[in-house]
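J.: Mind docking chain B on chain A? Use the hints.
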Amino acid sequence: MRRLISMFGIVLAACAAMLLGGVPAHADTMASVSVVHGIPNTPVNVFVNGKSTLANFKPGTVAGPLQLPAGTYKVTIFPAANTAGTGTPVISASATVTAGANVTLVAHLSAAGKPTLTPFVNDTSTVAAGQARLVVRHTAAAPAVDVRADGKVAFKALTNPKQAMADLPAGSISADVVLAGTSTVAIGPATLNLAEGSDTIVYAIGSASAKSLALVVQTIDGLGSAPGGMPAGSGGFASPDNGIPTGAWLASGIGAALALAAGLRLAQLRTGR
Amino acid sequence: MAGPAHRGRRAGAVLVLCAGLALAMLPLGWLALHRPGDRQLNPGTAAALASSVPSQLDGTAQPSPTGTGQLKASTAPSIPVTGPGGSRPSQPALPVPVRLVIASMSVDAPVVAEGVSPDGQMSIPADIDTIGWYRWGPAPGASTGSVVLVGHVDSAASGPGVFFQLRTLGVGAAVSVTTADRRVHRYRVISREEFPKTAVPLHQIFGKSGLARLTLATCGGPFDTATRSYRDNIVITAVPS
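Protein sequences appear in the order of chains A and B. Okay, so the first sequence: first residue is 1 according to the numbering used here, each after it adds one. Okay, so the second sequence: first residue is 1 according to the numbering used here, each after it adds one.
Just chain B, same shape as in the assembly:
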């Protein structure tokens, strides 16, 4: 016959058993809260921007089918003539971006111009606290296309990088880019997407056409320790605000 003391010990052991099992399951719970599907916000929005034709009010960089200067040429096709020398009408280059601030992520980092590595990928600054701007694409203030800023999520040698928290940046977050002329270009985040590196829409991200936008990118997703690389790219799209 079990006494009250015995029953108490039994209940205590059951409690400890339950608590122990719950604790043991903790890593599973952590994973469940960090599923890739949950890491995206407004996927597809950026693709729509990339294929949009900017409004005629936005500037003159895009070919204007309603250019009034040409309409006067009656029915004969007006043939643009360049020259003498046939040289390209020189377009003054826009000032380059030099600094990126994302207050909600505590990022205030220098931006440098980057190009293409010998392997054909975009070159990224060696310093994990410096952000690379794709110099062959638009600069802030351009009337069309995507201004691309890429930063390290981390590096094996130096630990977490400037875009370590990019995968948590929310829609609506304020982003500002300062250009060499000290002008501050303000943007607002509209989407966060995650793509396997084999399926990143690079033509859209590096697109020179479509609505003016800012694209921030870094690596993310599962890490392959053999190749020392991440499976995915995290892509944030922001629009001028």
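Next comes chain A alone, as it looks inside the complex:
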């Protein structure tokens, strides 16, 4: 009976895992979708194909990832007070996600300050051992910017809604955003912990004119790879070839000499009879 109960539990857990998307049932037909809220001061309800998907979604937060079948989705976003999802939405857009893709849908302001939805495809290719990926996305109502890492310009003249990407040595960096070609700081500095083997995606959100510029950070883990080898010896002292002890060779030489001498003596005894 106890075994039956525990088996039932395992089946239930497996079903729950499938339902929750923890185990993609058809990895080949599914897409991984995250949502970023980059419009300041506006909690919203997100409807996907008319169905409430994210209720009271707060600005500056990241939701997901969610495993969704590949396809085209109608995304409508209403103020949080509108729970019915009727009337005029803040944003209405359609997003196509392809099988196997990792996509982030960003609700943000255009350069001109109009709410909009931009899908970004995340590069989930592996990162070399010891490295981390940094992606910066300009999704703020602001002019072109430069992104600086530890005081040096890393990405130049980024405009809304473009992105820039680099693989860097893992570790902490201090990042800030300046107006392109100047040292006028618009956002930051912020400390970013670029974890090895992960993708850190930084969104510049908000509005320059409303002085609501801020950063949102999304991370994708599990992109790491192993080092290419373990070079831990250059002497040859442990080699089984070179490692035949000198004593063994010495004994071998003496033995050969003895055998030769004994052989000669035997021959001599035979002929000298």
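Relax, there's no trap hidden among the hints.
Ranges between beta-carbon positions, derived for each pair:
{"hint": "1", "chain 1": "A", "residue 1": "Ser174", "chain 2": "B", "residue 2": "Arg183", "range": "31 to 39 Å"}
{"hint": "2", "chain 1": "B", "residue 1": "Asp108", "chain 2": "A", "residue 2": "Pro43", "range": "55 to 63 Å"}
{"hint": "3", "chain 1": "B", "residue 1": "Ala174", "chain 2": "A", "residue 2": "Pro43", "range": "52 to 60 Å"}
{"hint": "4", "chain 1": "B", "residue 1": "Gly159", "chain 2": "A", "residue 2": "Ala257", "range": "25 to 33 Å"}
Since the hints were made in silico from the structure, they are not lab data. Where is the CB? At the ideal position from N, CA and C, for every residue including glycine.
T.: Structure of chain B alone, referenced to chain A:
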């Protein structure tokens, strides 16, 4: 007609001949006793560990398909929301390993954090008596994955290194790693494997998933004097004891 003296001399010469031949064969015998196949113990065990899913009791680092917090969310998929700022929930880093003791090998050596060389290989401490810990992998005490410690078998300049005897470490041997918080993590050796460097299962050795384990590695096998490198890697796998 051969007298007894003659026969005695003859027997003596035959004896010396045999003994001499036996001595001459000594290097062959030494090689026979050190065949690569004999250098492995429980090969394949580590691969099984690497692909095992840790028990739910072992910790919370792995995604838990039975997370009760999410089960309550009924049929609607529960979408984890992070933020504000969307920042990663900070996980306190585990204390780093600082010392390795293998009593049966008379090893008691300092451990330092190492990363990746420009050539993409793991960097190894220059000092042949210091062991390198792969800092981008798990630290002792992590609930999953392989803690990797690599030491020199030798160097051309300095002779035998801290892991010179690793190729003889037996199954069951006790290994302990001390972390910066002075905690001692005890392990027991379960396998010794030897891989040509072109076929080392690096993803398994440096794996962050699978059962918690300790991997000790160095070089071994035949030595190429032209490239001044060994053909193989010796890999010891140990589990918490």
